[in-house]
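With chain A held as given, fit chain B onto it using these hints.
One-letter residues, chain by chain:
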Amino acid sequence: MNWNLEEENKIRRYLLGDLPEEAKQQVEENLLRDDEYADWLLVVEDELIDNYVQGALLEHERILFEQNFSMTPRRHEKLMLVWEIAAFGEPTEVGNANYTNEKKESAVLSARVKEIEVESGEPPLIEPLRQLRSDREWWRSLFLSGWKIAAYAVIVIGLGVGFWNLRSSNPDIAAVTNTVNEVYRVRRPLEARITGFDYAPFPKMAGNEQEEVDYVVLDRAERVLLDAFAANPTTEIRHTLGCLFLARKKFDQAETLLREAVRDEPSQARLHSDLGAVLFEKWERARSTGQAPETDQLKLQSQSHLERALQLDESLREARFNLALLYQSSNQPLLARREWEILLASESDSRARSEIELNLKLLK
Amino acid sequence: MNNWKSRRDAWKRFLNWLSHDLEQAAYTYEAVRRRLIIFFNCRGCANSEDLADKTIDRIIGKISEIADSYKGDPAKYFFGVAHYVHLEDLRDRKRMDGEPVPDDFPDSNHQEETTEKELISRCLHHCLQKQPSAKRELFLSYYQVGEDKAEHHQTLADERGCTLNALRLQMMRLRAELRACITACRERDAST
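If you're matching them up, the sequences are chains A and B in order.
This note's numbering applies: residue 1 is where the first sequence begins, and numbers increase by one.
This note's numbering applies: residue 1 is where the second sequence begins, and numbers increase by one.
Quick caveat, the hints were computed from the structure, so don't treat them as lab data.
Treat each hint with caution, since some may be false.
Claimed, not checked - Heads up, simulated DSSO-like pairs for lysine-lysine below, C-alpha to C-alpha not over 30 angstroms straight-line:
{"no.": "1", "chain 1": "A", "residue 1": "K282", "chain 2": "A", "residue 2": "K249"}
{"no.": "2", "chain 1": "B", "residue 1": "K5", "chain 2": "A", "residue 2": "K282"}
{"no.": "3", "chain 1": "A", "residue 1": "K249", "chain 2": "B", "residue 2": "K149"}
{"no.": "4", "chain 1": "A", "residue 1": "K10", "chain 2": "A", "residue 2": "K364"}
{"no.": "5", "chain 1": "B", "residue 1": "K76", "chain 2": "B", "residue 2": "K5"}
{"no.": "6", "chain 1": "A", "residue 1": "K24", "chain 2": "A", "residue 2": "K10"}
{"no.": "7", "chain 1": "B", "residue 1": "K76", "chain 2": "A", "residue 2": "K10"}
{"no.": "8", "chain 1": "B", "residue 1": "K12", "chain 2": "B", "residue 2": "K62"}
{"no.": "9", "chain 1": "A", "residue 1": "K24", "chain 2": "A", "residue 2": "K361"}
{"no.": "10", "chain 1": "B", "residue 1": "K5", "chain 2": "B", "residue 2": "K62"}
{"no.": "11", "chain 1": "B", "residue 1": "K94", "chain 2": "B", "residue 2": "K71"}
{"no.": "12", "chain 1": "A", "residue 1": "K24", "chain 2": "B", "residue 2": "K94"}
{"no.": "13", "chain 1": "B", "residue 1": "K149", "chain 2": "B", "residue 2": "K135"}
{"no.": "14", "chain 1": "A", "residue 1": "K10", "chain 2": "B", "residue 2": "K54"}
{"no.": "15", "chain 1": "B", "residue 1": "K12", "chain 2": "B", "residue 2": "K71"}
{"no.": "16", "chain 1": "A", "residue 1": "K364", "chain 2": "A", "residue 2": "K24"}
{"no.": "17", "chain 1": "B", "residue 1": "K54", "chain 2": "B", "residue 2": "K94"}
{"no.": "18", "chain 1": "A", "residue 1": "K24", "chain 2": "B", "residue 2": "K62"}
{"no.": "19", "chain 1": "B", "residue 1": "K76", "chain 2": "A", "residue 2": "K24"}
{"no.": "20", "chain 1": "B", "residue 1": "K76", "chain 2": "B", "residue 2": "K62"}
{"no.": "21", "chain 1": "B", "residue 1": "K76", "chain 2": "B", "residue 2": "K94"}
{"no.": "22", "chain 1": "B", "residue 1": "K76", "chain 2": "B", "residue 2": "K12"}
{"no.": "23", "chain 1": "A", "residue 1": "K249", "chain 2": "A", "residue 2": "K24"}
{"no.": "24", "chain 1": "A", "residue 1": "K361", "chain 2": "A", "residue 2": "K249"}
{"no.": "25", "chain 1": "A", "residue 1": "K24", "chain 2": "B", "residue 2": "K149"}
{"no.": "26", "chain 1": "B", "residue 1": "K54", "chain 2": "A", "residue 2": "K24"}
{"no.": "27", "chain 1": "B", "residue 1": "K54", "chain 2": "B", "residue 2": "K76"}
{"no.": "28", "chain 1": "B", "residue 1": "K62", "chain 2": "B", "residue 2": "K94"}
{"no.": "29", "chain 1": "A", "residue 1": "K282", "chain 2": "A", "residue 2": "K361"}
{"no.": "30", "chain 1": "B", "residue 1": "K54", "chain 2": "B", "residue 2": "K12"}
{"no.": "31", "chain 1": "A", "residue 1": "K250", "chain 2": "B", "residue 2": "K149"}
{"no.": "32", "chain 1": "A", "residue 1": "K10", "chain 2": "B", "residue 2": "K149"}
{"no.": "33", "chain 1": "A", "residue 1": "K10", "chain 2": "A", "residue 2": "K282"}
{"no.": "34", "chain 1": "B", "residue 1": "K5", "chain 2": "B", "residue 2": "K54"}
{"no.": "35", "chain 1": "A", "residue 1": "K282", "chain 2": "A", "residue 2": "K364"}
{"no.": "36", "chain 1": "A", "residue 1": "K24", "chain 2": "B", "residue 2": "K71"}
{"no.": "37", "chain 1": "B", "residue 1": "K71", "chain 2": "A", "residue 2": "K10"}
Fair warning: this is a prediction, and the values are worked out from it, not measured in the lab.
Bound-form chain A, shown alone (with noise of 0.2 angstroms):
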């Protein structure tokens, strides 16, 4: 059979316990029927479980695997293997006599190792793999217990509001941020929403139809941010920059620019939420060329950006309507659904409530 990502799609929801019946059987049938989508559907269920313990799966998918994925034995020695594959280089301390002779052929593999990285050219091996093991368990221990939860919202909406201020704070870009502001006001660039820009509307245009915008108060903002971002590249300058890029759909421009600022501040729900917002874009145009398939990577990590996003700030209301557009446009209406209603029940701005309620409405 030809494999393709929707199949696979299909497998990692049977996996999660997220597909309707009907799908499910669906599923189950081909697997009876099928070698070659057996060994799929192990390759899924593996990869499943070393994002799990790497910590890597959506939160929505987390929280799926750890409602619907039953450890049977099997799956148990695959959990315990990879929890072991994390752990791999470290030293492990086993008050056993017999141990001695491990711990040596454990250095000689350590050493093999290390000749192979060294004969190869390649960066250190079992280091990362340590990092991975310390890194899992410092983002396990963060959530220990609920007033360290607490404290650490604290601190992310204290980061959040610092930002903005931050932003609001230098009288140049400040200003630019405004002009753009003001030439988006009666209707926002693109479908998906960028943060800093109040809401206005999106409606469809016909094919022939063009854009009016002031390409000139445009233009003259993009040399302004560009000059200030030679002069001094801060992380505050590529976020406005990679959104003005956004907003005049120079996708790739902008892609480069986010995914830098988020490198470089990977606390900011903000620079998430607009790479989010890029990457959806992106899969929105070259889904509807036909490119599917190669496309999917797109959507998964435009999904894992707006979550991490919602996870820094869950008040951030880009980050949540376009999360809720792309549940929508990937055919997931209960996920979608749900991010509509929360959204509306804190949104304050008319036209806003009327896009939601218009898209719950499709939804039905």
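Okay, now just chain B, sitting in the frame of chain A:
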């Protein structure tokens, strides 16, 4: 004696139903059994091998009825029987326990798990050493997690001149090999 003979005949008919070529039928039987084990495992059954055998036994018991008359997709038939066997198993377990068996979600910090992990750790080292160096290097590289895992795996595939999907399949088989080796290693350890 008659019972044994009728069972042998039913087996023959079953194999013949799978394929007229005996060698191919034996291969198909193994493949069907493997897929049934995966099926029951996906449904959360701890005894997936027993249930796979039970399903096959059930089909063999019905073979005289289905061999000539059943015209549809055999997968649908297998699905129907396996589904029924699973429901029976759930019912039996409920009867025995009084309530559904709770999910046994492992906790990495639990003491028993820790001891098990130590054993697996030793066995993993041992089993990795038994692998050819190219496979060992691939395994370790695959789990070297950097900024972008997908990109890293694509690079590994490119370096080996294969597609990403081929690499993922290769890794699935390698993990299965390692698990089998680790299981054997643990059994050896337990018997000494």
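Can you give the numbers of the hints that this structure goes against, from lowest to highest? Violated hints: 2, 11 and 23; rest satisfied.
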